[in-house]
Amino acid sequence: MQIKKLLITAFLSFVSFASFAEGIDSGDTSWILTSTALVLFMTLPGLSLFYAGLVRSKNAISVLMQCFAIACMVSIAWVVYGYSLAFTEGNAFIGGTSLFFLAGIGRDTIAPDTTMPHSLFIIFQMTFAIITPALVVGAFAERMKFGAMCLFSLLWFTAVYIPACHMIWGGGYLADVKDFAGGLVVHLTCGVGALVAAIVLGTRKGFPSSPMPPHNRTMVITGAAMLWVGWFGFNAGSSWAADGLAGMAMLVTHISAATAALTWMTIEWIKQGKPTLIGIATGMVAGLATITPAAGSVGPEGALLIGFMAGTICFYATQAVKGVFGIDDSLDVFPVHGVGGIIGIIMVSFVGVQGGFLGSSAGETWIPMEQLLIQLKGIVVIGVWTAVATWIILKIVGLVTDLRVSEEEELQGLDVTEHEERSYDLV
Amino acid sequence: MKLITAIIKPFKIDEVREALSSIGVTGLTITDVKGFGRQKGHTELYRGSEYVVDFLPKIKVELAISDDSLDSVIEAILSVTNTGKIGDGKIFVSDLSQVIRIRTGELNEDAL
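Protein chains in written order, with this note's numbering: chain A, 1 to 427; chain B, 1 to 112.
Rather than coming from a laboratory, the hints here were simulated on the basis of the structure.
Being a predicted model, the structure only gives us computed values, none of them experimental.
Among the clues, some could well be false.
No farther apart than 30 Å at their CA atoms in a straight line, the calculated lysine-lysine pairs in the DSS-like style are these [unchecked claim]:
| hint | chain 1 | residue 1 | chain 2 | residue 2 |
| --- | --- | --- | --- | --- |
| 1 | B | 60 | B | 9 |
| 2 | B | 60 | A | 205 |
| 3 | A | 274 | B | 2 |
| 4 | B | 2 | B | 60 |
| 5 | B | 40 | A | 271 |
| 6 | A | 4 | A | 58 |
| 7 | A | 205 | B | 40 |
| 8 | A | 58 | B | 60 |
| 9 | A | 377 | A | 395 |
| 10 | B | 34 | A | 58 |
| 11 | A | 274 | B | 85 |
| 12 | A | 58 | B | 9 |
| 13 | B | 40 | A | 274 |
Next up, chain A with everything else stripped away, as it sits in the complex (with noise of 0.2 Å):
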């Protein structure tokens, strides 16, 4: 009778625990878990490496530092306030509190409108608020003192991702515009953010005159592959889903990287006589970077035409914001991943109409002339607030601490003044 007992009981938790467990695909959350893999494997350690390698020796650290202490911080940050103020609901521009510390979610617990626990869409979230402030590091790269930059960081985060993230994923104020993995959300926040702090911190000492070349192009070349191989997870992982979707995106993805990645090897091969590794894998980085937005719903066509704009408009825009406007975005962010988010988000339009011109043949249908008014009003409102609080953000920190190191720090390097150590100890 004991035995029965407990073999009913035993039975009837199966059961509940599996009805349950029925809102969740286990292929779905398969690719998902691997995807948030990838995207952090992104930054930790692409980016970093990618960073790493551009700046001059006596900075590797600091750029190494800089990108793992952010993704510490909005790691935390995320839990504690991001992940609720980003995707519950509250006004048009920002969530509400009640996942404050991600109260309520348990093991069991399903995301909202996926096939997946809420606990792998928050983490899955979570890379992507990681990468976007570290990208910013590229603007201020080589004179920005570490204090200063993690209170910046944590401040751009909170006031600048999590509202475009909220904005446009959240169901907020651009929930009707197009951005499939990111080309705002990411894209265009951290560039438009690189381009206003190295405005604000002003340029390195001896820019422009003197050369400062990448100290370890082979570290470059590494970090910019394992991003490739990554980015397969930020675009394919955004369809939420193992299906048609994934796998279409993480064509295109590759496609576009590809033909940005050969277009700009060419452009320099013929403009300035060499192909250098360089030019091909940032000329990959803006393939990528520009394909974000339209991974979705753009064909392999499509991506042909993307990548080849991505590799020729930014190239050209590289070489103007240094060169024409003088600014020191000191490893390019804004010319890469600004204008390439505002490429894509302008293409996606066009390109990814259902049976349209160079489309997946699958999905939604909108009218192109249409939808360009609303990727451009997202551009705008996303462009227009990233820049205004980047700007104040970086006066509050400054009243706070020095934002740069002083010209003596600056020319002995970060390394041994913010962090007393050595990157390469040889002899």
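Following the hints, position chain B against chain A.
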């Protein structure tokens, strides 16, 4: 005794080592150095700008020898490092006043 300091092109180091071994030289020290003489630097590209890198990689070879091996050592080094092109390098000969073998305390000629 003499101290020979030779600045040579890096790819010549293996040939120099073999040439010196074949005439009985038992030890030498090499250092990676940078420098220039009449050989101009080369240009590199970054973001579309060309910049000149003046200092070229070289290897510095140092060896202590007895006075009577001077001519054969110089001949051996010259025979393998002369390519006829600018940048082959230079050999400096300086007088050596004392040599001590650390392990045994042997001095001068006995320490070579």
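Hint check:
{"no.": "1", "hint": "60/B - 9/B", "verdict": "holds, 9 Å"}
{"no.": "2", "hint": "60/B - 205/A", "verdict": "violated, 34 Å"}
{"no.": "3", "hint": "274/A - 2/B", "verdict": "violated, 47 Å"}
{"no.": "4", "hint": "2/B - 60/B", "verdict": "holds, 16 Å"}
{"no.": "5", "hint": "40/B - 271/A", "verdict": "holds, 24 Å"}
{"no.": "6", "hint": "4/A - 58/A", "verdict": "violated, 72 Å"}
{"no.": "7", "hint": "205/A - 40/B", "verdict": "holds, 27 Å"}
{"no.": "8", "hint": "58/A - 60/B", "verdict": "holds, 26 Å"}
{"no.": "9", "hint": "377/A - 395/A", "verdict": "holds, 27 Å"}
{"no.": "10", "hint": "34/B - 58/A", "verdict": "holds, 19 Å"}
{"no.": "11", "hint": "274/A - 85/B", "verdict": "holds, 25 Å"}
{"no.": "12", "hint": "58/A - 9/B", "verdict": "holds, 28 Å"}
{"no.": "13", "hint": "40/B - 274/A", "verdict": "holds, 20 Å"}
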